[in-house]
Structure formats: structure tokens, C-alpha cells
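Engineer: The primary structure of each chain is shown beneath.
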Amino acid sequence: MHWWLPPQGSTFAPQIDWMFTAILIITGITFVGVELGLLWFIFAYRERPGRKAYFTHGNTSAEIIWTAIPAVTMVILGLMSNGLWVKIKGRNSVPANAYPIGVHAKQFEWWFTYPGPDGKLGRVSPALVSKTTNPTGLDPDDPASHDDIVVRNQLHVPVGRPVVAYLTAEDVIHSFYVPEFRVRQDVVPGMEIRSWFEATVPGTYELGCSQLCGLGHYKMRAQVFVHTQEDFDAWMQQRAAQAKGGATP
Amino acid sequence: MTTVAATAHATHAHHDDRSFIQKYIFSTDHKIIGIQFLFLSLFFLMVGGLLAMQIRWQLAFPGKPMPGGGILPETMAPGGVLLPEYYLQLVTMHGTFMVFFAIMLLLVGVYANFLIPLKIGAHDMAFPRVNMASFWSAFASGIVMLMSLFVPEGSSRAGWTMYVPLSARHDYSGAEFGQEMWSISIILFGLSSILGSLNYITTVINNRAVGMTWFRMPLSVWALFITAILGLLAVPVLAGAAIMLLFEQVLGTHFFDPTAGGQPILWQHLFWFFGHPEVYILILPAMGMTSELIANGSRKPIFGYHSMVFAIAGIAFLGWIVWGHHMFVSGMNPTLGSSFMVSTLLIAVPSAIKVFNWMGTMWRGNLRFHVPMLHGVAFVAMFTIGGLSGIFMAATPVDMFIHDTYFIVAHLHYVLFGGSLFAIFGAIVFWYPKMFGRMMNETWGKIHFWLTFIFYNGTFFPMHIIGMAGHMRRLYDPTIYDFLKPMQPMNQFISICAFLLYGSQIIFFVNFWWSMFKGKKAPLNPWDDNGLEWTTPSPAPHGNWDTLPTVYRGPYEFSVPGMSEDYLPQNRKLPTDREPVMTPAAGH
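One line per chain: the protein sequences are A and B, in this order. Per this note's numbering, the first sequence runs over residues 816 to 1064. Per this note's numbering, the second sequence runs over residues 144 to 731.
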């Protein structure tokens, strides 16, 4: 049994965990204060014969204090969260050197498109999707698509390099979720959504669909391999050779 | 009691020469309609709980035959083993039944109907026939929703949030009639809710007794009044969205269909534009009633009555501009996420005011721990947890991680069960004598409270922990994932607590029905309360009062110095009280 957040696997993870912990401390103090206060009142002011309750309709200064403290805390929390949010999701947050990977979700599988030697993803179009020959709808008229490599249910990323996922869905809404990366992004049909992250620890992880997408939702799962740059290049070459040889995954 | 009833009969315009059907079935009496809503919503509470037990069985013991599952048809659970398609129906229908037909009807259907006229000193609702129509459309809506479980392919499988395109097309979800029946049922439900809200608002504005000024109104009435306004603004959007969804399903429109230029996210905006005010519709009346229970149990005036009223209004207003916090990771513009985060965090302020003022009410009180008070204090303790855990999701970067995990499931159950349902249990016990003229059994009430409190926390608190560890919602079989496998013992612990929690409710149901016939006869004012409802016999006659009471003070004058009793009813005239000025509105 795991009693804390999952292991940290991306640059976002320590930052989000820090935020989580900060909120946990603030709410934890409030929680303990309120519950202990309640227990104290329950014990100290229980009904006893001959006692009469203290008659009061309130106390304005006390109320101003306990209105102001949460208000100030919430404003500070909001500012801190927003700083991090802009770093993760802001309009200009995706680093310029990010490695692009196409992520195409459909009931109930994940398809990943790697840019190949030219480093560019080919255009995709929902109209070109074909279950057998073109699962992600790559456009053959786009020269950038010719060397693209398409892999089912396996996400391979290099460690220490920002990766930007271009998320598309074929049928219903899915959600791209890797707990160790602390990344979650819904994948919506009719939209191309960018989501970036930078893996920090080589290893194997699980990617799950976290938005109810139908009968097979619970098994819409892919593996994530975080490689060192050399291993990643080697894997890529091997895949490129396979693709030339006509072998499909 | 007999004399009062006899005079009422002799002099009041509402002669009780109605037939049985007029009196108990197609009744226009707000009290009977409230009780009809009570039976209907308790039925759905029971059914919704039964569905939850099956969900918990599958999560704890995936693929094992469920005890008693053999009675389910082959299309749901062959040999007692739940099918994925049935599991998704369970998840969808549990949410739908509980949100719409259990909690919303229990709070708004039951208590707005039953309490508003009795607490403001009115003969009945402003529009008694509209009120009856509201109940019967809710009834029809509930029947349609319940029947959808038994049509071919079963009920909707798209989750209670009904996200499109999954909910709109048969080839995506695998359910056709069930999906359409969900939309039809929700349209009928919307009608019921709109009719009810109109009525509650009108009644509170027009039908208050002489002297019942706005700031002498009990907080439960304030909460129900503001909830009705919120409902009137939010529910038509849901009904409209459900009509669009039905058109999408049966007429082939493309509002939400991206292949024809529609927008799936549009549904989410419409749904949550209703759905978030809905969350407050499900908690504000509970807060109002908790205020009654705590003031009565503490024998003290509510601490900061005015700020309690403004906090209700503040929560309602903010609750109306935060719907986007359900959509931080939906693909909505992230900048919009920032603004929704700010409005969401701000809700913590009025919520904190309420919690601290309840504590202020208990401070230096003379606490009577009758069963309603126990539930009221539990509401404060549990709502605090649910409110605080909401701050995690309000912070956008943290939400990116915990969205759609069990952390959310824990949060929403701490608000809706730990909050709303505890207040509802307290309210049922508190106003039971008013409804049925008898008291519920105190000892069994306390046993039910403690068992519920313990197993409730055993069920939902560990969900925070598995949610933090990344456990997703709505998974038919979590053991598919390697990282979720080690959480199986915790899932089993949760399920066992859940079974015991459901089992504990049998005590409540037995107590509820037994007391109706065998309970101790209720005195006129069993809780030594100040509310107007305790100035008429229990159960109150048709028309409530022969002569309407006059109000001289607010509802929470407990332990007034110099008085021999520790309560002072709103309608008792002291020598120092001046006769209130008759307002035209009060002269109905």
C-alpha cells in the first residue's frame, strides 16, 4: 500500500507536490483546530443541571478576524497556484526545444506518433483515419509525415528533455494521465491540445485513461518508457529500420 | 390538541371533507406533498445505496461472484459476476439517483415544501396546485429513470455527468433506450424543479405572517429561499441541455458532434453551469437546517445571524460563477482556468464564516445531545473536511494531478454524505413529530448515528489516501494497473466499511416505520424550540393554523436572561413587545 503521492517522475512533480503539501499543511492546521475546538465545546459545554447558556448574538470583531484570515490565505494560495499553472499550461509554457510526439486516443487504445529523423510530425486529419492502414490519420501529402513512426500503446520518451504531446481523439473524450509525471489532460475529439512535460527518472511507468470513455475504459492503458538519450536514439533507429522493412507493430 | 383541532375545523375555511385520494394522493396540502417527497426520496436513497454496494463489491473483489448476485439477469451479472456494461450502469445510476432523486428531493422537495409555510406562518404554499404538479412530475421522472435499468441494453453508461460524445451515440456507449430515457427523465425533473422553485420564492416573498420580517426568518427558510433562486437560474440550463442531448440522440442533430462542427466541450459548460450551482443546492438547505439543530441543541442564539444570511447569499452567488473548476483539464483555455480558480478559492471565505459561527453558537452553550444535535455537530465536523479538501482541487496545478481520482470521490462524499445526508437525518428526526405526531426512538436513533458516523468515515476517509496515490475513478477492474494492485487491501477495507454503513441504515428505516405507528406521542413542542411550526398541533391540520400567528422576534432567542424557560417562541408576546406593523404583503 502506498500512503503518499506516487514517486516523482517529471520536473512538474516536485513543484506540484510542494503545492499539495503546502495546502495540506494549511488545511491540516484548520482541520485539527476546528475538530479539537468542537470536541472541547462538546465536553466543556455539555448540558448540566442549573447551567444556563451564555446569551449573545455574536461578536463583530471576532467575525471580521475569521473572515479576513481565510480571505488573505486564499488570495496567497491563488497567486502561488497561478504562478505554477502558467508555467505548466500557460500560452508560452512549452519550451522551444520540446520533442514533439503525437498522441491519438481511440476506444480503447493509445497511438503514438514519433517524428522520425526530420524531427517534425506530419499533418494529421480525422478524415484520413483508417483502422487497418492509417490508425492516426497521417496525411501522406505532407512530406514531414513520410518518416513518422506510429506505435500502439507504447510511449517512449527521452529523459531530461521536454516533450510536447499533441493530443487528438477519434471518437469520445479520453484523458492522458501518467501519475508519476503528475500530468493529466483530457483528449477531446475535434481539438488538438498541447501538453508538455519533462521526464526526470528513466524507467517504466503506466499511462491510463482517466476519463470514462466506454466499456473498455478500465483497460485503456499504455506503457511509458523513459530512456536515456542514447537508449532513446537506439530504440528510434531500430523502429525506423523496422518501419522501412514494412513491419508494423 | 383535540380542542385546537376542533376549533380549526369549525372556523377555518379549509374544511376537511376531502376524499382519501384528494387528501393523501393528489393532495395540494404542502405537508402531504412534503411527506410524499420524503417517501419517494428515501426509496431512491435506498436504491442508490444498493447500487453503491454492488460497485464496492466489484472494486474489492473484481471478477468474484457477488453474494446474491445470482438473482440478477444474465445481461447484468451472469453467475453473479458483474459485467463491465452493468458496472458502468451502476456508476451512472448511483450518481444520478443520489444527486437528483435522493439528496435534492430530500432537501428541496421535502423540506422546502414541509417547512416554508410552517416556519413563516402561512396556510399553505402560494400555488398549491403547482406544488402538486411539481411532485407528480418528479415522480414520473423517477419512474422513467428507474425503468431505464430494465430496458434492452440497460440504462445510461456515460456517468452521471453524461459527457458527450459518449452519451450521444449508440456506437460509442452501447446503450440506446437507456441513454434517451436519462434525457427524458431529466427534462421532467427540470420541470418539477422549476415549478417548485417558483412556488418557494413566491411563498417566502408573499405569505409571511405579520411580524415575520426578512431578518426574523429562520436560517432554514433563508437557505431554502436562496436555494430556490439558485435552482431557478440553474435548472432550466440543465433541462435545455438535456433537450439538446435528446435531439442529438434521436434526431441526429450536431450540437456536440465535432465531425459536423459541433463542440463536445459545450456540453460540459452547459452541464456544469447547472452542475455547480447544483452542488450548492445540495448543501445550502442542509446548512440552514443544521443552523436550526445547532441553535436548538446549544440553547443559544445563532452566533452572527446576519453574517450567516450573507454567507448563504455569498456562497450562492460565488457558486454560480465557478463551474469551470470542473473543467481545468478539459481542454478549456488554461487562462480561463485561472479566473475560475480565484472564484472557487473565494468560496472558502463564506464557508469558513459558517463553520466558525456554528462553533461560536456552541461556545458557552448548554449543549443538549439529542439525536438531531448529534447529526448537526457531525455535519459541521464532516463538512469541514469536505470543504477543506475542496481547496486541493481549486488549486489548478494540484487539480491536474488529483482530478478524476478517488480524492474527488472522497471530497464529494464528505460534502454530500458527511454534509447533506447527516443534516437530512438530523432534520428527519427533528421534524418527524411535526410530520407524524410521534417521536422517533431516541436510543435507536443514537445507535444509528454512531454506527453511521464510524462506518461513514471508514468508507470515505481512506479514499483520500488511494486518491493521492493516483487511483482513478470509474474503473471496472483496478487490478489491470500494476500501480493500483497494492491498493487492493485498502479497497477491500473501504468496501467492508461500506457494507456495514449500508447495513446500519436498516436501523434507521426500521425506526422510521416503527415509530410512525408505535412511537411515543409527540408533545406540542418536543424540542423546546422557538419556531412557529411548534405552535400548531402535530401533525398540523390542513391550513396549518386557524388564526395565523403574529411574530415578535427572531427564531433563536434561547436562554434569554431573566426568563424562567430557556426558550422564547417567536409568537409569544412579552409586555415589552410592540405590535408589529401590518404590511400589505402579510395581509393575505
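Read the hints as simulated data drawn from the structure, not as lab findings. Treat the hints with caution; some may be incorrect.
Stated by the list, open to error - Simulated restraints on C-beta separations:
(1) 843/A - 358/B: 52 to 58 Å
(2) 623/B - 836/A: 28 to 34 Å
(3) 859/A - 167/B: 46 to 52 Å
(4) 848/A - 623/B: 38 to 44 Å
(5) 843/A - 589/B: 54 to 60 Å
(6) 221/B - 938/A: 44 to 50 Å
(7) 895/A - 623/B: 58 to 64 Å
(8) 871/A - 207/B: 56 to 62 Å
(9) 182/B - 871/A: 39 to 45 Å
(10) 211/B - 1038/A: 46 to 52 Å
To be verified - Below are the DSBU-like pairs computed for lysine-lysine, each with C-alpha atoms no more than 35 Å apart in a straight line:
(11) 1034/A - 628/B
(12) 867/A - 628/B
(13) 716/B - 628/B
Here the structure is a predicted model, which is why all the values come from computation and not from measurement. Glycine included, each C-beta is placed from N, C-alpha and C at the ideal position.
Engineer: Hint by hint, note whether the structure agrees.
Structural biologist: Hint check results:
no.: 1; hint: 843/A - 358/B: 52 to 58 Å; result: violated (37 Å)
no.: 2; hint: 623/B - 836/A: 28 to 34 Å; result: holds (30 Å)
no.: 3; hint: 859/A - 167/B: 46 to 52 Å; result: holds (48 Å)
no.: 4; hint: 848/A - 623/B: 38 to 44 Å; result: holds (41 Å)
no.: 5; hint: 843/A - 589/B: 54 to 60 Å; result: violated (30 Å)
no.: 6; hint: 221/B - 938/A: 44 to 50 Å; result: holds (47 Å)
no.: 7; hint: 895/A - 623/B: 58 to 64 Å; result: violated (36 Å)
no.: 8; hint: 871/A - 207/B: 56 to 62 Å; result: holds (58 Å)
no.: 9; hint: 182/B - 871/A: 39 to 45 Å; result: holds (41 Å)
no.: 10; hint: 211/B - 1038/A: 46 to 52 Å; result: violated (38 Å)
no.: 11; hint: 1034/A - 628/B; result: holds (14 Å)
no.: 12; hint: 867/A - 628/B; result: violated (56 Å)
no.: 13; hint: 716/B - 628/B; result: violated (68 Å)
Consistency note: the structure conflicts with the earlier hints numbered 1, 5, 7, 10, 12 and 13.
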